[in-house]
Amino acid sequence: MKSSDTSSAEPSNDETDNSQIYASQSEGSESGRFDMSSIVEVPRWQRILKAIDLPVQFLRIGLLVLIIWAWESRWIFKGWSPFGFELFPEIIPLFQGVPSEAWDFILDIWDDSTFWADFWVTLQEALLGFVIGSGLGFIVGLLLGSFKKVAKVLSPFLIFTNAVPKIALAPILILWYGVDIASKVALATIIVFFIVQIPVQAAVSGVDPDLDVVATSMGATQFQKFRYVVIPGILGPLFGALRLSSIYSILAVVLGEFIVSKRGLGQRLLYETNNFGMGKAIALITILAGLALVFNAIIGMMERRFLRWQDTEARGKVVSL
Amino acid sequence: MTNAVDIENVSLVFGGEGNNPVLAVDTINIAIPKGQFVAIVGPSGCGKTTVLNMLAGLIPPTAGSVQRNGKEVDGPSRDVGYMLARSALSPWRTALRNIEMGLQIHGVDKATRRERAHELISLLHLDGFENSYPSQLSQGMRQRVAIARTLAIDPDLWLMDEPFGALDAQTRLTVQGEFINLWERSGESSVIFVTHDLEEAVLLADRVIVMTARPGRIKSDTIIDLPRPRVIDELRFDDKFKEAEHRIWKELRDEII
Chain B
244 MKSSDTSSAE PSNDETDNSQ IYASQSEGSE SGRFDMSSIV EVPRWQRILK AIDLPVQFLR
304 IGLLVLIIWA WESRWIFKGW SPFGFELFPE IIPLFQGVPS EAWDFILDIW DDSTFWADFW
364 VTLQEALLGF VIGSGLGFIV GLLLGSFKKV AKVLSPFLIF TNAVPKIALA PILILWYGVD
424 IASKVALATI IVFFIVQIPV QAAVSGVDPD LDVVATSMGA TQFQKFRYVV IPGILGPLFG
484 ALRLSSIYSI LAVVLGEFIV SKRGLGQRLL YETNNFGMGK AIALITILAG LALVFNAIIG
544 MMERRFLRWQ DTEARGKVVS L
Chain L
7 MTNAVDIENV SLVFGGEGNN PVLAVDTINI AIPKGQFVAI VGPSGCGKTT VLNMLAGLIP
67 PTAGSVQRNG KEVDGPSRDV GYMLARSALS PWRTALRNIE MGLQIHGVDK ATRRERAHEL
127 ISLLHLDGFE NSYPSQLSQG MRQRVAIART LAIDPDLWLM DEPFGALDAQ TRLTVQGEFI
187 NLWERSGESS VIFVTHDLEE AVLLADRVIV MTARPGRIKS DTIIDLPRPR VIDELRFDDK
247 FKEAEHRIWK ELRDEII
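Protein chains in written order, with the numbering used here: chain B, 244 to 564; chain L, 7 to 263.
It is worth saying that the hints were derived from the structure and are not from the lab. Since the structure is predicted, the reported quantities are computational estimates derived from the model, not experimental observations. Idealized CB from N, CA, C, for every residue including glycine. Do not take every clue at face value.
Using 30 angstroms as the maximum straight-line C-alpha spacing, the simulated DSS-like pairs for lysine-lysine come out as follows [unchecked claim]:
{"id": "1", "chain 1": "L", "residue 1": "K256", "chain 2": "L", "residue 2": "K225"}
{"id": "2", "chain 1": "L", "residue 1": "K256", "chain 2": "L", "residue 2": "K40"}
{"id": "3", "chain 1": "L", "residue 1": "K116", "chain 2": "B", "residue 2": "K468"}
{"id": "4", "chain 1": "L", "residue 1": "K40", "chain 2": "L", "residue 2": "K246"}
{"id": "5", "chain 1": "B", "residue 1": "K468", "chain 2": "B", "residue 2": "K395"}
{"id": "6", "chain 1": "L", "residue 1": "K225", "chain 2": "B", "residue 2": "K468"}
Okay, the calculated bits of chain L under chain B, using three or more residues with CB under 8 angstroms as the criterion [as the list claims (entries may be wrong)]:
{"id": "7", "segment": "90 to 99"}
{"id": "8", "segment": "106 to 115"}
{"id": "9", "segment": "234 to 243"}
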């Protein structure tokens, strides 16, 4: 800072030089230069405080407390019928479940080996469905995006298959794959497949064609083009699709378990609900949501790691020549 | 000695079979001895880029023969460096890794290609920006990274497609100077430099070929007899340079206006 200003001031000793520059500038800057030392860095604790954004946190916590209170006090079960229209029906006590009951159940879970057996089954189904479905969706999307002729042949079939409400396939899949995990994995696979295949295929066409020309002129093989051009080019849309898939794979297996199954959290949830174990049902739903959030967070972490370059792009920090 | 490039009676037709075939290049002949710097100028759409694409082995000619070092071009070659008008850098690769890309495709081991990339970084004055992503670089720097990427594979034929077209005047002058230094030091490399900027063509090249508007034919072929090494920012004001530029401009003017 100091030494670069020597052109305007006498190149004498640095310390006194700097103080002079500061003084002259604070009186209207005759030297016509901006004094960098007037920039004061914001202290670390202030930056952290700003990132946390306390008012937002307070409002969030307040809202959460309000929701739990309205629920726990059974206020929400009283029903509301504006203009005689039963918008929120009154819930009979047998069908009411409150957070404290759910909490009691969650506390008991840790020693309950049957719960963990069910948890493991559902986790396995969802993970397998997610991995197989998104893996196949990725490969098929990549190939169809790259080989337009093949895509043209297959597109009506894919469009029709995607139009099928996939849940409608569940009873058939159970007949074909049995009542164990295979049928749920199959259902999740089908649902996840399309969530990944369609955006991946579209993204391949969106990759900068110049990059392909450059790679081709360098003598890249088709495999190298996939590796160095296409795959890195579609990671953004791919991760978006994977986030969605992680949630939908859990949705799919829970639905599959509802229909027929021996084990699993969905099966347990159906059982509890049918037996009016409302607190337990709420706890199970919360656990399933937690599982989906963990899935989603893991994908998000991978995304941030692989797409670090997009961070820099968003900031748009441009260095001049 | 065989020529670096022999283009004999080459024509190229786009979009055959029904959908209005367009004659892009019409029976052109160009022979380029090894080590020559040839600029091709002409109005846009005159088939300049098409000629480069054929030499890069990206498209085959409809008729005639395209040869490099006496052999028919039948696909991309490791000895050809092709630089596009847009820098076409991979946004997910740092400057250093963009420069390495060709070497990576050619299967060069990591240590060797890193060393080569660092060498080019300093030759093109990109020091300190090795780990910057293209979005963090200025236009001029991106173009330099693209030059480095093209030259990293040590090609003996450099195909440059309006490489400095997107740069502002001052930046262009700097990058042109760096480029010509690299070439003058490279020894035997031949360059085909496509541009629509006649001044640039005359400043850099040993020989300027003017192409006609579509269909692309060769209008004139002029040797630029200016001494090397050239200091291009000074050469611009040289009378011999101005005279050469004016002579070729008369040819080019008919095609543009």
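Verification of the supplied hints:
1. K256(L) to K225(L): Roughly 11 angstroms separates the two Cα atoms, so the pair holds.
2. K256(L) to K40(L): Within the cut-off at roughly 29 angstroms; holds.
3. K116(L) to K468(B): Roughly 19 angstroms separates the two Cα atoms, so the pair holds.
4. K40(L) to K246(L): holds (25 angstroms)
5. K468(B) to K395(B): holds (22 angstroms)
6. K225(L) to K468(B): violated (38 angstroms)
7. 90 to 99: Our answer is that it holds, as 7 residues pass the Cβ test (under 8 angstroms) against chain B, meeting three.
8. 106 to 115: holds (count 5)
9. 234 to 243: violated (count 0)
Consistency note: the structure conflicts with the earlier hints numbered 6, 9.
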